[in-house]
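Chemist: Chain by chain, the residues:
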Amino acid sequence: MTDGFHIVVCGSLVPDPIQTLEPVPGGDRPALKNEAMLPSVLDPWAGHALYEAAHLAAKTPGSKVWLVSLGPKAQLQQLMMRVAQKVPFELVALDGPASGFTDSFEVAVALAQAIEGIDGLDRSRLLLFGGCASASRDAGVTVQMVGERLGIHDQFLAVDELKVEDGGSIRVLERVEGGRYLASVCEGAPLVAAWATGSLPEPPNSPQVGMQNMRTIMPALAKAGPATLGGEGTTWLTAEVPQQRRETRVVKDSSADEIAQEIVTWIKG
Amino acid sequence: MHDNTVERQCLEVDIACVGFGPASGGFLTTLSRGLTEAQGEFESSAMPGLPPQVVCYERADDLGFGVSGVVTRATAIRETYPDLDSASIPMTAPVTSEKVVYLLDPIGASRRGLAVRFADAMLRGLRFVFRVRDEAFTLPFIPKFLHKDGGLVLGIGQFHQWVASQLMAEAQVQLWPGTPVAEPLIEDDAVVGVRLVDQGTDLKGEPDVGYLPGMDIKAALTVVADGPVGPIGRKLDEHFGLPEGHERRDWAVGMKLVVDLPEDCALEPGTVLHTMGYPEPEVFGFLYVNQPGLASLGIFVPSSLDSPVRASYRYLQHWMQHPYLWKHLKGGKLRSWGAKTLQESGRQGEPHLVGDGYARIGEGSGSTNILTNSGVDEAWATGAQLAEAVLELLKSKQPFTRDNLERTYVKRRRESTLDKESKVAAKARVGFRRGFVRGVIGTGLTGLTRGRLNAPGGLGTKHREIKTLAEHFKGRIPASEIERIEAEASASQRPLQDVYMDRVGWPAIPFDGELLVSHQDALLLGGKVQAPPGYADHVVFLDPAACAACETKPCIAICSGQALTLGGEDGVPLFDREKCIHCGACQWSCPAPRQPGHDAAAIALEAGAGGLHSAEN
Amino acid sequence: MDKILFLAHTEADGTLPKAAYEALTAAKNLAGDLQGATLVAGLIGADVAQVADTLTGIERVLGVSGPEFAVSRYSSDVAAAAALVSTSDATIIVAPATPRFCRALPGAAARLDGRIETQVTAISAEGDAVEAERWFYRQRIVAKFSRSQRPWFLLTSPGAFEPASAEAGKATLEAVSVDLPAKLRTKVTGIEAATTEAQTIRPDADILLVAGAGWNKKQKDGATHVNDASSLVLGFLELARASLGSTKSLVDQGAEGAEVMSFMSHLNQVGQTGSTPRHRKGLATCCHGEEPHVVGWRFVSERRAINLDETCGWAQGKADVLYVADAFEVMAKVNELLAADA
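Protein chains in written order, with the working numbering: chain H, 1 to 269; chain P, 1 to 617; chain F, 1 to 342.
Just so you know, these hints were derived from the structure itself, not from any lab. One should not assume that every hint holds.
Claimed, not checked - In silico DMTMM-like links for lysine to aspartate or glutamate, alpha-carbon gap of 25 Å or less: (1) F/Lys187 x F/Asp326; (2) H/Lys252 x P/Glu488; (3) F/Lys187 x H/Glu161; (4) H/Lys223 x P/Glu488; (5) F/Lys18 x F/Asp128; (6) F/Lys220 x H/Glu22; (7) H/Lys252 x P/Glu514; (8) F/Lys333 x H/Glu258; (9) H/Lys33 x P/Glu263; (10) F/Lys170 x F/Asp13; (11) F/Lys333 x H/Asp257; (12) F/Lys217 x P/Glu170; (13) H/Lys268 x F/Glu238; (14) F/Lys187 x H/Asp253; (15) P/Lys330 x H/Glu22.
Because the structure is a prediction, the values reported are computed rather than measured.
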C-alpha cells in the first residue's frame, strides 16, 4: 500500500453518557428532556474509530482522515472544541438532529451522499470507519448501510484490531459471542470497519493538532448543509425510562461468614 | 513541578488565556469583535500572515461545566450585549422579586452566640410583630447596595455555553476545554507564556502510556483568568507577591443544587431569596428561580466559620429542610450539584494586575464586590476592559509590557464604576472575622456609608485560625470522646464530619433518593464527577510532615466531594481524584502554612482535567 | 398483508444457535397475531437440510447453502439474505441479533431499500400493524414503534424470547441460488481467544460477577491488594462457573497505569459503554455508580451487591439485597464454602 488510505470516519455527538436521560414527546420523534442543555461528547465507539483511523493514517504515508458528522450545528461546534485537539482530521459537517430516535436509513442516505461529495476522495482507497453502535440510537446498523450504499461489500463489525499485512491485505479481528474474536483477511481497501473499542488509549490533547484542525473545521461548520431526517413512516407509540425501583433489603452488621453463607445458598438456589 | 530536562514541544501564539469563565468571556468577546471589525488590520507576530492567534485553555472537560448560581445586575454583560435576550439563554430570567430572610434555628443544633440567641428570642417572642412565619423573619426592606433590580438570574454553565457558541461563530479565537495549564513560564520576571500539564502520566506524574510532556505555549500576552484558586494565579502570587497591604484571607465555598421544583411550587421565575442565620449564623444561603419549575439554590460556608467541621454538604441538606425553604422544595428533584470556592477578600486581595507579558482579570484579580456579593458582572467587566486595552496596543503596535498594560488596562479598570464600587466595598467583610453579628453590622455600615465607615479590624488577623476540635466542641463533646472518635475514624476511613454533626444534635438526613441524596450520589447524579486517566493527581501534599502533624485536618471536612479522607500513610490524608470537583476549598482551609508567616498552604490544588460534568450549574 | 420470513444461520457445527430458536418464537407469535400473515423460513449455512427439519410448524423453508456460506462474512451473507427476502417476497424479516446477522443484515436492508432494527426485545401485532420494542441510549430508554416501510428487518435480542423447541419434523426445503461475486475478497481465518489469560466471559453462565473499582483501591491498611483481589475474583469465577463483568472505572484503571487484574479487558466492561449481558443472577462487588453504569445489569433478574457504602447507587433500589461488608472478606469466605462443596 504505497498510496495510503483515505479513511472516512462516520461519527457524531451523543449526550455525555453520564448525564441523566429522560424522554419527552417531540414533534417527529421522541426527544430528550433538556436535550439542548445536555453536554455532548463524540460517540464513544466513533471516538475509538477516529483514533484508530488517525493511528493507521500516521503509519501509512499518503493517508488522510475525514470525520463526517451529522448533528445540530451549534452542538457540533462545541463538540469540535473537545475533539479537534486529539488527532488530525478534516471535518465534513451536516446540520441535522443527532437524536437517537432518528431513522438509521435516513441517516445512512445523508452520510453516503456527504461522502460521495468529498473532494479528492479516492473510493478505491477508502476505509469507511464508524462505531459498532452508538450511545444514542444504539442499533449498530448505520455504517453498514452507508457502506452498502457506497458499494463496499467487505464489512466488519465490532472490530478491535485492523492490521495491514505485507502485500497490502488487511487482517481484522471482530468481536463475536463469548468474548472471542473472529479473524478475517480482506484483500485491501475498500472496506468498512465498525469499531468496538480497538486498542488505543484516548490520545492526549495536542494544541498544535487543534490549531491545525480548526483551520478546516471552522469553514466546514460554516458551510454545513442541512440533512433532512423526517422519520417518515415511523409511528412512535411509547418512549420511557423503565421505572423498576427494587425494594433493596440492606444487610449490615452481619459477619462475613453469615453473609457468605447466605450468598452461597442463593447461588445454589 | 515539571521536570525541566524533558524535551517539550513549543507552540507560539499571540495571546494565551488561562481559564474560561465570566472574565475570559468578557475578554474574548470584546477582543473577538475588535478583531472582526479590524478586518485583517492586525497581523500575528507568532504566525506572520495570519490574524492574531488567540487561544483560551480551560481545564474542565467542557466550557459549560462551571458552577455558580448567579443573580447579577448584568451591567457590564449588557454593555457587551445591548440586545441581550434572556429568553435565548437557558436558565436565564429577569429578576422579578427579591427577599432577604433571617432563618431561626428550628432544630436547636446550630452554634449561636449570645447576641444571636438574644435576637432569636426577641423574634420568637414578638413573632406577631415581626411576622415570623415558618421560623423565618423577612427583612422589611433590602438595602440599596444589595438590590439586583433589573438584573438577571443566570445558570453560569448555560451562560458560558452560550457565550462560547457566540465566540465560536465569530471564529477569531480558539477555545480548548479539557486542557489544564500547569504553570506560567517566567523569564526575568516577565511572563512569556504557559506550560500545559503533562499527559499520559500515572497518578504520580511519572510517564506512562501515551506520555506527552506538557507543551510550552509561548505568548506575547498571557491572560490569567483562572479564578480564585487557579494554579497560575497562585504561582504568580508566589513569584511576585501581593502588593503592599493586600491579603487574601477571606474565602468561602459555595455549594449548590439545581432542583426541579415540585409541581405545586408557586415560586415564579426571577424570584431571588437570600437567607442568613441558619444552619450556622455564618452560613448564607440563596435560592434563585431560573425558569418555571427550576431553581438554583445553595449555601456559602465561609472561612469565618472557624469550625474544623465545615461540612458543607451536610449543612446544605439541613438548610434545604428549613421550614421556610422546605415548603417550596419538598417533592423536588435534584438535577445538578456542584461547588466552587469564592475569593471573598475582594479589593483587599487584589494581586499585581499586570506585569511584563501578563494581565490578570476576574475573580482571581480581586474583582469581586464583597459588599454587594457580586462577582460575575465585575469579572466580565475586567475582561472587557483588558480586551479594549489589548486592541489599543495592537493598533498602536506596542508590546504588552507592564507600563503599557498599566496605561491601558489598569487605567480603564480604575476609571470604571465597578472598580470604584469595589473600592467602597473593600472592607465590608472585615467584621466577620470577629463574629457573625459584628460582620452583619459591619457590612451594613460599609454599605450605608459607602465605605466611609467600616467595622474595625484590619489585616492579618484570623488567618486560618481554625479551632481545635476540643476548643470547638467545648461544653458539647467531652475531650475523651473526641479522642475516641478520632482513633476509631482513623482506622475506618469514615468521614468524621457526619459523626460530629450527629453528636451535637443535627438530626439524620431522611434520604429520599430524589432531593435528599447521599453525598456520593450528589456527585454522581448531580455533578457527574469524572476523572480522566492520564494525568497526575492534582491535589498534592507539599509538606507531608505538616499534614501528619495537623490535628484538625479541616481539608477533609470541607472537601466538597469527599475526595479527601483519613487513613493515609503517616497521617497524610488520602486523595481520590475521582471524587474531586476542583473547588480548592482544601487549599484555603489548610491551617498549616508551608512556611511560617506565609500564606501558601501545605496542600495545593494543581491543574487537572475532569471534575464536574454538568452544564446546568 | 405481511409476509414474514424467519431468517437464521447455522453455527460452525451445522446446528442453529439458541438465539435462532428464540427468534423463531417471535416470528411464530407474530404470524399468529397478525391478520392474514404468512410465515416462511430462510436458512443460511454450509448445509441447512438437517436444521430445516427442526423448524416445526413451518411448511416452506428456503435455504442458501454451500461452502461459501459456512462462514460469517458480509459479502456472502448479505447476498444470501437479500436473495431469501426477494424469493420469499417477505415484508417482515425476523432474525436473531447474532454478531453475524448484526453485521450483514443492515446492508441487506439497505440493498433492498428496507429498514432494520436490532436488539429488539418485543414484537407485537396491533390489527394489521407490526410494533417493535427496543432500547435506545444504551439501555436507558425503551421505546415502542411501528413502521410503514417494507421490507422491515427485526433482529431479536438474544435472551428476550423463549426459544422454540427444535423437534424433528419434515420441511420442504427449497434451495435458493445466490449470485456471488467471482471472487470473494474476504477470507475468514478462524476464531481466536481474546486474551491468553483465563477465559472470564461466559454468556451462558447462570451468574454474573460484576467487579467494581473498589477492588483495586486502597484498603483499610492503606495499601492496594490487587493480587488478592485477582485470586478472589478468579477463584469465584471458577467455583461458581460465573461470567465476569466489570465497571468502566475498573477497566479504565488499566489505562491509567495502575496495577490491575491482568485478565480484565474492555470486553468485560458492562454498562453504558460496555455490554448488557443477560444472566439469571448477578452479584456486584465494590461497585459504585448510578444509572449510566447500572444499565450493565439491566437484564439480570436476581441482583445482590456487596459494598461498604450503604447508600451505594449500584445497589439502592436496584439490587434485591445489599450486603454492607468488606468484599475481600466476604468473597474469601464464599470461595471457601464453594470449594468445600465442590
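Chemist: State the violated hints by number, sorted upward, taking the hints as numbered earlier in the document.
Modeler: When the structure is compared with the hints, numbers 1, 4, 5, 6, 12 and 14 turn out to be violated.
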